[in-house]
Each structure stands twice: as C-alpha cells, then as structure tokens.
Amino acid sequence: MHNWCLEVWGDYACFTRPEMKVERVSYDVMTPSAARAIFEAILWKPAIKWNVTRIEVLNPIRWISVRRNEVGGIVTNPTARQMAGESSEPLGIFIEEKRQQRAGLFLRDVRYRIHGYFEFTPPEKRKANNLLLSEVWADDQENAEIVRLDEIEAKYAAMFERRAKKGQCFHRPYLGCREFACDFRLVDEDLEPAKLINETRDLGYMLYDMDFERNIKSPPPLFFRAEIKDGGINTDRREVEVRG
Amino acid sequence: MILQALKEYYDRKAADPESDIAPEGFEKKELQFLIVIDAKGNFLNIEDTRERIGKRLVGKSFLLPRSVGRSGNKSYETTFLLWDHIGYLLGQPIGDPKSSKQHQTWLAALSRLDSGLLTDVGVNAIIEFYNNNELERAIASPQLKECLKAPQCNMSFRLISDMCPVPCRSKVQEFVRNNTTRIIDKEVSEEKEQTGICLITGEFGVIARTHSRTPINKDTKCLVGFQKNSGYDSYGKEQGYNAPISKSTEFTYVTGLNTLLKSSSQRLLIGDASTIFWSEKPSSFESDFSFFFKEPEKDNPDIGTEKIKALFESVNSGAYRDDDSTSRFYILGLSPNAARISVRFWHVGTIAEFAGRIRQHFEDFAIIKLSREPEYYSLWRTLVNIAVQDESENIPPNLAGDFMRAILNGTPYPATSLQAVIRRIGSDTENRVKPVRAALIKAYLNRYHRFYPNKNHKEVTMELDVSQPSIGYQLGRLFATLEKIQEEANPGINATIRERFYGAACATPVTVFANLLRLKNHHLAKLENRGRVVNFERMLGDIVSKITDFPAHLDLHEQGRFAIGYYHQRQAFFIKKE
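Which chain is which? The protein sequence lines are A and B, in order. In case it helps, the numbering used here puts the first sequence at residues 514 to 757. In case it helps, the numbering used here puts the second sequence at residues 222 to 799.
So here's chain A without its partners, still in its complex pose (with noise of 0.2 angstroms):
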C-alpha cells in the first residue's frame, strides 16, 4: 500500500466542531475526515476507501472571527404534487426567508501534509452498487479472464498518482466546508521535506470520521484523542485508538 502525501493550502478553513456547529467554531488543525475528503475529491471509485495516517501542520494556527448570512434549511424532497408537475409549492429554498446571521470563528491562511493510502476491494468483494443494468459480457471467456484482470490496486494507484500530478480533481477539494476552497499537489517527501510548527500539545477528543459501515442513514460518529506532536497529528487507524 503506498502512502501518499498532499500539500493543501487556503485562505481560509473551517472543520466544524460539532458541539459548535450553530455558531460555528473549527477545530484546531485538520480533522481526518476532511483530509479524507480531499484524497476523495481527486480520486474515488467505489473499488476504493481512502484512510488518512498523518495530518502535518506547516503554517501557525490562526484565527478569525466572521460574521455571514447562511441558510437556515435544507431542501427537502418533493412531494407527490411536485413530482406529478402539478402546480404547488414550489420546490426552492427563498433565501430571504431562510437567512440567518451567524458568527463563525474560522482558520486563517491554513497549510496541511496530508498523508493517506487506500484500501482495495477487489470486485467481488464490492457491495452491489444499485445497478439497473446487469454487466454484458461477449462470451464466458471474456467475463472469466480478461476484463476483470485490470481490476488491480496498481492501476487505481496509477490513476491518482496521474490525477494528483496534473492536478485533476472531481469537484474542488475544501478545507472543511464547501466555501472554502483549497489547492493541493502531490509531494515526495524526501525531494521537499516540510518545515513543521512547534507545537507539542493535547487537542482533545476530536472527530475521525463518521461509521457508515455501522449505520448508513444515521451513522454514529467516531472520536479519536488529538495529539499535535512537533506540528504533526498521527492519525493512523491501526495505531490510534478510535472509539465509536
């Protein structure tokens, strides 16, 4: 399993606490969702599941406090009228009713390392994706050898080395939240070796990520305890104890 590692910088960033996630207030570094996001954001395909080992801190952390209209609402579905097209309510959120002014105390002019690896499903291991279409083969043969023969961790490991080079991404990777755009590149760390903060302390417990395995429509989250050693944040699944 190769370890990769991304430098990804921004303005600014905000991994919501969630106790704080009203009146929003990040946390202080990165949490391993958010880097998860970012490998994802450049390279996902459902043979793959992305783990963040190390989370690097270059630039001081600091702070900045906004005050900004956000919505207040989420779309919901539409009801059986809208569906129909018959004349109803319509289906858009109107942002002058929504609005609400909230403070938020957000990262200034952030740099992270990022580092992670993927795990490989192998095909058959793979969860059935909703597909309408059963796969269509030529003859047995094809189906029993060949196609399925690319179906490799190198060739995904080739895919996102190629992608991060170039900076290709899906959708733009974010620190934390969708309006806060990020940029990335790929770095080796034995060419550019990063000069990390000084910093040595507890962060407390902090969010790893959220267990879908556990529970697709509600899933529980998963906390871990922080640790910022020398400007660095180990958050290796296999060495770190993560509860949930």
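In short, the hints are calculated from the structure, not lab data. Keep in mind the model is a prediction, meaning the values are calculated, not measured. In this text, a Cβ means the ideal position worked out from N, Cα and C, and glycines have one as well. Don't take every hint at face value.
[As the list claims (entries may be wrong)] Here are the simulated EDC-like cross-link-like pairs (lysine to aspartate or glutamate), alpha carbons at most 20 angstroms apart as the crow flies:
#, chain 1, residue 1, chain 2, residue 2
1, B, K458, A, E664
2, B, K458, A, D724
3, A, K534, B, D454
4, B, K276, B, D440
5, A, K708, A, D696
6, B, K655, B, E720
7, B, K449, A, E583
8, B, K502, A, D715
9, A, K611, B, E459
10, B, K590, B, E527
11, A, K730, B, D317
12, A, K611, B, D509
13, A, K562, A, E674
14, A, K640, A, E583
15, B, K483, B, E516
16, B, K483, B, E459
17, B, K439, B, D493
18, B, K295, B, D317
19, A, K534, B, E459
20, B, K234, B, D454
21, B, K590, B, E574
22, B, K449, A, E610
23, A, K730, B, D454
[Claimed, not checked] To give a feel for the contact side, a few chain B residues facing chain A, derived at Cβ under 7 angstroms:
#, residue
24, T441
25, V445
26, F447
27, G452
Dock chain B against chain A, hints included.
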C-alpha cells in the same frame, strides 16, 4: 477544546473544598421571594430576600435542585423541583393565560413527588399548604404586589423554624444528590434516551438531548443548541444528538461556564463580548487578569496600576508573581447572537506567554503625558476615545474583539483602529490629539513596523524626537509651533489654527502650510517679547530645515506620525526643561 477546558475548570473547583461551586444535580440560583409557612402548611407571610447591590436589587442565592431548559409553546409543562417562578407556585398574575397552566403543572408535579421526598417535614408542609387552600391567603397578602412588580420572581417555601428554604433542607438535598439527573427529567423525557460516546471525555454515557441555558447580557441562551428543522439536523440526527455530550459532562461544563460568567473577578466586558478567563491551576494571574484591562474602581483607583506594575516587575521570572509560568491559561469571548451564544474569540496559551504579551502592550502604549492622566489606559478608555463622540455605544462592534485579539496574540493592532483614531482626531476639533490617542498611534506604528520591517521607519519614541526622519512627524511639530505662536500672539482667541486647519494640514499639507507660514509673520509681529520671537524663529528654522518639501498629501501612517509629532511638540512646550 472550549467545553473540555470548562469541564476542567469545574473539576478543579469541585475538587477544592473551599469553593462553593454547585455539585452535580444542583444549581446556584437566586430566589427573590420565599413563602414562609409553618410545619402544618399555614401561610405566614412572603419574605423578600432581595438586597440592594449598586443600582440593582439582587435576590439571595441558594443551592437548588437544578433547573431544566424549557422553551417553545409547551414550556409550561415543565417545572423544577420545589422551586420555580411565581406563575407556577401561585398561578399569578391571573390575567396571564400561561400562569394558570403553569400552576396546574406545579400541582401535578407535587402530587407525583417521589416517595423518598415525602418523609421530609418541609415537603409535607408544602403539600398541606395547597391542600388547605392556604394559597388564597398567600395571594391576598400585601407582599404579593412586590412579587408581581419584581422583574424576576423565583420563589420557594421556607419553614418558619428553618433558616433555609425547603429545597435546601438536608433530606431534600440528599435525595437530589442520589438521583442526580433522573428526578427532574422524569416528566420531561418520555422519548427514549440515547447513548453514545461523549465527545469531550470519550466515555460512554447517556447523551443530553438539550443543553442547559447560560445567563448572558440579562438573558439566558444556550452555548450548545441545535434547533430542529433549521438546517442543523445532519446524518439523521436532531438536537443534542448532533454533538454527543453525556449528561454529566453537560452539567459540568454548563456549571463551570455559568460560574465564570457570574464571577466578578474572572469576567470582563470587552465591547459586546463577555470575556471569561481561567487557568489550569489556581493562579494570581487568573484573579488579577481583569485589572489589566478594566477601568479603575472608584473606591480603589490604584489597584489596576499596582497589578500592571507587578506584571512589569516579574520580567525576570517571565511569568506573573509566583505563578507557574507553564500553566495553561484560557480566554473565551462570548456574545449573544439570536437565541444562541456565539464564540467571538478563544485563546489558549501559557501564563508566561500572555503575561509577556500584555506587558508588551503596555510598553507599546507608554507615552509622555501630564501627571493627571492615568498611568495605564484601560481597554475601554482606549476604545471610547476613538469612537464617534467619545461614547461607548459608538465603539465599532468588531473593533473591541479584534483589538483584544491583537493584544493577546501579540500581533499588530487592527488597521481599523488607526483609521478610527485618525478619523476621530479629524472630527474632534476641540481636543484633537489626546494623550490616549497619541499612545494608540505610537503603539500601532511601532508594532506594525516590528512585524513588517521598513528601513525608512524610525521607531516612534515616548517623547519629542527632533531627529525623527518622518516628514509627517516634522510637519506635526511645525504645526504645533505655529499654533503656539498664534496662542501667544492672541491670548484667549476663540478658534485657533488647530480648530480650523488641523485636518487639512494633516491630510494635504501643501494646501495650508504656505498660508499658515504667512500668518505666522503677522503673529510674530504682534508679540511684544522680542527674545521670544527670536526663540520661535530659531525653533521654526530648526524644524523647517528637516522638511524638504510640503507633500501634496500624507498617507495614513504619515498622518499618524503627524499627530504624534504635533502631540510631542505640544507636550514639550508645556513640560519645562530641567
């Protein structure tokens, strides 16, 4: 992090036998009135516990069974154990449609009391009070008017033989202690409780669905709260389940927070943000912190100055007095927003770090001034002097928080503060450059150039610096000298050039200085003391020799230096050379 630090504070206080922080299941709360009854439940009178503190009447605080959050149109369905608002106890005022419903809830709650409580004499007396219809006598009593007039009216009962109200009787307290969360919630929580991992402690426990309220700015609001169907529900979770915090942790952080917000020594109002601060371990920095920033008290005006001096004296140890310099220190700024509390700033550092930065702030602000000026300026005094009309309600809302952040981070002061002070000097024709304004500009410029070094900038000194290379500074000196000449030529004049020309001289020197220098000749001609004239001529020559040209305009930093040059030169006129 914030909640964790608040919990730490609570735990620290709870471990200290001398502190009076409420134990789990309890809350310190004011009861403004007590209904005094005898052991048979006969009504005697209504006692007013309030005392005048400053301008306000403050009720006596008691350690009561904890209140629970209630809101919405069904809020009347919740009541507290053996104490509550007048609407619940007496069903008053009658005109209010809510109070009769509240009273019904109260009676229902009394009839459902746990058998463990019924052994207490006080509790039985309360039940008898309602059974014997003593309620009418209570309502008819003359003191009731006072209760209805009071802005807040929490009540309970007191037995005539006791000193404390019934909820504080030892039997009741013991019962609450053994049934910490259950007793009050029994009626409220009909839905199933959820369990999970608490995000503060990492322990497994029952998750709090709603969090208790925190008093802030005459109102009570939640620090942690999620309204339903308003965009906060995520991943199929509503309300408190969005952020799993166990019930006992919820109690500790809320109690810690409320205790800090009520404390007089660990709370400070900065702009509109209520700021609280505490350290990991008890420290004198923690108890003295507010003195660094607040206005001196009337009855002891020198205490703040003494504390700041102590800060300067502890340079050698690096921290403050005998404190452990590596002990962590937390500063939290909260301000109300809609029905919630928002975090305006949050700083974590060691005592040594903060002590050093605050010391730096006062060093930067040091400037020559008359002895009747305070030695150190409080935060409020600094900000109010740059607000429109010098009124505190005109302090720009963000400025106070940003300013405090700059002090605590040791970063440059906000650019808005320089803009505000120059604008204020421009509009305040009478005073122009007050010492506090000059101090702010000096601190701003020096600190700015410490972060963004510029070889053309020479540090602004505390007092007059004739060799300062800045053109703005020298123009300011020239302007002050011209004003002085005019003052001596025409004593008692109504409008001097300060009132008329300061703004233009500072922003666009080329447009006014030629005119002013011409006027000066007439002023000098009026002076009778020829020696004085020679003196002035020499002084002007000295200043003008440093000015190569009158610029068309000065930028904001140069305008700042103009103000300081003007201020320094004026001070030099007043303070006699030794």
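Point to revise | Distance restraint between K449(B) and E610(A), which requires alpha-carbon spacing of 20 angstroms or less | key: 16 angstroms, holds
Check your understanding: Can the restraint linking K655(B) and E720(B) be considered satisfied, given a maximum Cα separation of 20 angstroms?
Key -> 14 angstroms, holds
Review point. Can the restraint linking K295(B) and D317(B) be considered satisfied, given a maximum Cα separation of 20 angstroms?
Key: 15 angstroms, holds
**Study point:** 20 angstroms limit on alpha-carbon distance, applied to hinted pair K562(A) and E674(A)
**Key:** With a Cα-Cα distance of about 16 angstroms, the restraint between K562(A) and E674(A) holds, given a limit of 20 angstroms.
**Study point:** Pair hint K234(B) and D454(B), alpha-carbon separation not exceeding 20 angstroms
**Key:** 35 angstroms, violated
Review point. Within 20 angstroms, alpha carbon to alpha carbon, are K439(B) and D493(B)?
Key: Between K439(B) and D493(B) the Cα gap is close to 13 angstroms, so the pair holds against 20 angstroms.
Check your understanding: Would the pair K276(B) and D440(B) pass a check requiring their Cα atoms to be no farther apart than 20 angstroms?
Key -> 18 angstroms, holds
Check your understanding: Has the given pair, K708(A) with D696(A), been kept, meaning a C-alpha gap of at most 20 angstroms?
Key -> 18 angstroms, holds
Check your understanding: Under the criterion that the straight-line Cα-Cα distance not exceed 20 angstroms, is the pair K483(B), E459(B) satisfied?
Key -> Violated - the C-alpha atoms of E459(B) and K483(B) are around 31 angstroms apart, more than 20 angstroms.
Practice item. Starting from K534(A), check that the Cα of D454(B) is at most 20 angstroms away, please. Key: 10 angstroms, holds
Check your understanding: For the pair supplied as a hint, K458(B) and E664(A), is the alpha-carbon distance within the 20 angstroms limit?
Key -> 37 angstroms, violated
Review point. Any CB of chain A closer than 7 angstroms to the CB of F447(B)?
Key: 6 angstroms, holds
When held up to the earlier numbered hints, the structure conflicts with 1, 11, 12, 14, 16, 20, 21 and 24 and fits the remainder.
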